[in-house]
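Peer 1: Letter by letter, the chains look like this.
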Amino acid sequence: MGIEQKTANMGAVTMRLEDAVNWARTNAMWPMLFGLACCAIEMMSAQAANYDMSRFGMELMRASPRQSDLMIVAGRVSQKMAPVLRRLYDQMPAPKWVIAMGDCASCGGVFNNYAIVPGVDVVVPVDVYIAGCPPRPEALIHGILTLHEKIRGEKITTWA
Amino acid sequence: MNMNEQLQPVITALADRFGAQSNEFRSEITLILTPENIANACQALRDEFDFNLLEDETAVDYWPEQEPRFHVVYQIYSMHHHQRVCLRVPVPGLKPSLPTIETLYPNANWHEREIWDMFGIRFTGHSDLRRILMPYDWEGHPLRKDFPLGYEEVQFSFNAEQIDQDKSYAKREQE
Numbered sequence: 001m002g003i004e005q006k007t008a009n010m011g012a013v014t015m016r017l018e019d020a021v022n023w024a025r026t027n028a029m030w031p032m033l034f035g036l037a038c039c040a041i042e043m044m045s046a047q048a049a050n051y052d053m054s055r056f057g058m059e060l061m062r063a064s065p066r067q068s069d070l071m072i073v074a075g076r077v078s079q080k081m082a083p084v085l086r087r088l089y090d091q092m093p094a095p096k097w098v099i100a101m102g103d104c105a106s107c108g109g110v111f112n113n114y115a116i117v118p119g120v121d122v123v124v125p126v127d128v129y130i131a132g133c134p135p136r137p138e139a140l141i142h143g144i145l146t147l148h149e150k151i152r153g154e155k156i157t158t159w160a
Numbered sequence: 001m002n003m004n005e006q007l008q009p010v011i012t013a014l015a016d017r018f019g020a021q022s023n024e025f026r027s028e029i030t031l032i033l034t035p036e037n038i039a040n041a042c043q044a045l046r047d048e049f050d051f052n053l054l055e056d057e058t059a060v061d062y063w064p065e066q067e068p069r070f071h072v073v074y075q076i077y078s079m080h081h082h083q084r085v086c087l088r089v090p091v092p093g094l095k096p097s098l099p100t101i102e103t104l105y106p107n108a109n110w111h112e113r114e115i116w117d118m119f120g121i122r123f124t125g126h127s128d129l130r131r132i133l134m135p136y137d138w139e140g141h142p143l144r145k146d147f148p149l150g151y152e153e154v155q156f157s158f159n160a161e162q163i164d165q166d167k168s169y170a171k172r173e174q175e
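So the sequence lines, in the order shown, correspond to chains W and S.
Under this note's numbering, the residue at position 17 of the first sequence is numbered 17, and the numbers go up by one with no gaps.
Under this note's numbering, the residue at position 119 of the second sequence is numbered 119, and the numbers go up by one with no gaps.
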């Protein structure tokens, strides 16, 4: 109590390193533009004015994987697109997270055939799955906040 | 009907020169040709009768009911006369191949690539015959009737756990 008051009076605040790093990671997470199909429209509308995602730090969507932290796989992934998806995921610098948005990205959705990959988690490791066909923008924002809570709970042993 | 009157000289010319049999269904004319003279028939349609737009080129698989197995269907339209004619070519199933009409109608390029990808019908003389919808190293031709559906088993309550064990998320939990 005493030393913290002293340092605070001098303008120095102490906190755990995990809290600081996780706070920084969640508060300015830039998603990569990966809208493939119909879920992309809900992602766009979540980014737009009515259900603003910029209030959660996602100010803009980067088209380049080198400059983004979060890949929101919005839409169905076909067999031809799966290697492209993996390559773009590999090009993202760590730390990176993946949200599987919608039913098609989570489990194949309504499609059960030769052309659609049954769930994007056979290609990239997924952190949060969002159900819905398509999920409402509020559902997408809820999924992103769930991801934020997951990152806030990360320990130094996982990323150091 | 005036549609038939305008098309009648086209049909009789094609029937005389290439032996085309014609069917009519609800004022739609279909001409059945053979693989040997489809290219010449399309050339005649384009050059002499002003049928300048290939609207669609696709294929149907009638296995195992009919022999020959594939029918390649061409829908050719004339903008000048507002007339449409449909050509059908029966193709047998063993090493199916047809001459390409890409030199006559350039938009047949992608249509024929799709037919090669989905049915396995080769087009001789095509400039770039490779897969267009499936990955380039895919094996098999998906829209044939003997291609497996490629679906995974639906999880009901009685087999839910058994299917779960083979999934990727189960393996990650075990690690």
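Heads up, a few of these hints could be off.
Computed list of lysine-lysine pairs in PhoX-like fashion (alpha-carbon distance at most 25 angstroms, straight line) [as the list claims (entries may be wrong)]:
no., chain 1, residue 1, chain 2, residue 2
1, S, K145, W, K150
2, W, K96, S, K145
3, S, K95, W, K96
4, S, K145, S, K95
5, W, K6, W, K96
6, S, K145, W, K80
7, W, K155, W, K80
Bear in mind the hints are in silico, worked out from the structure with no lab data behind them.
Peer 1: Next step is simple, just say for each hint if it's right about the structure.
Peer 2: Do the hints match the structure? See the list:
1. S:K145 / W:K150: Judged against 25 angstroms, a Cα distance of about 47 angstroms means the pair is violated.
2. W:K96 / S:K145: At roughly 43 angstroms apart (the allowed maximum being 25 angstroms), K145 of chain S and K96 of chain W break the hint.
3. S:K95 / W:K96: Not satisfied, since the Cα-Cα distance of roughly 49 angstroms exceeds 25 angstroms.
4. S:K145 / S:K95: holds (16 angstroms)
5. W:K6 / W:K96: Violated, at about 38 angstroms.
6. S:K145 / W:K80: Satisfied, since the Cα-Cα distance of roughly 22 angstroms is no more than 25 angstroms.
7. W:K155 / W:K80: Violated, because 37 angstroms separates the two Cα atoms, which is more than 25 angstroms.
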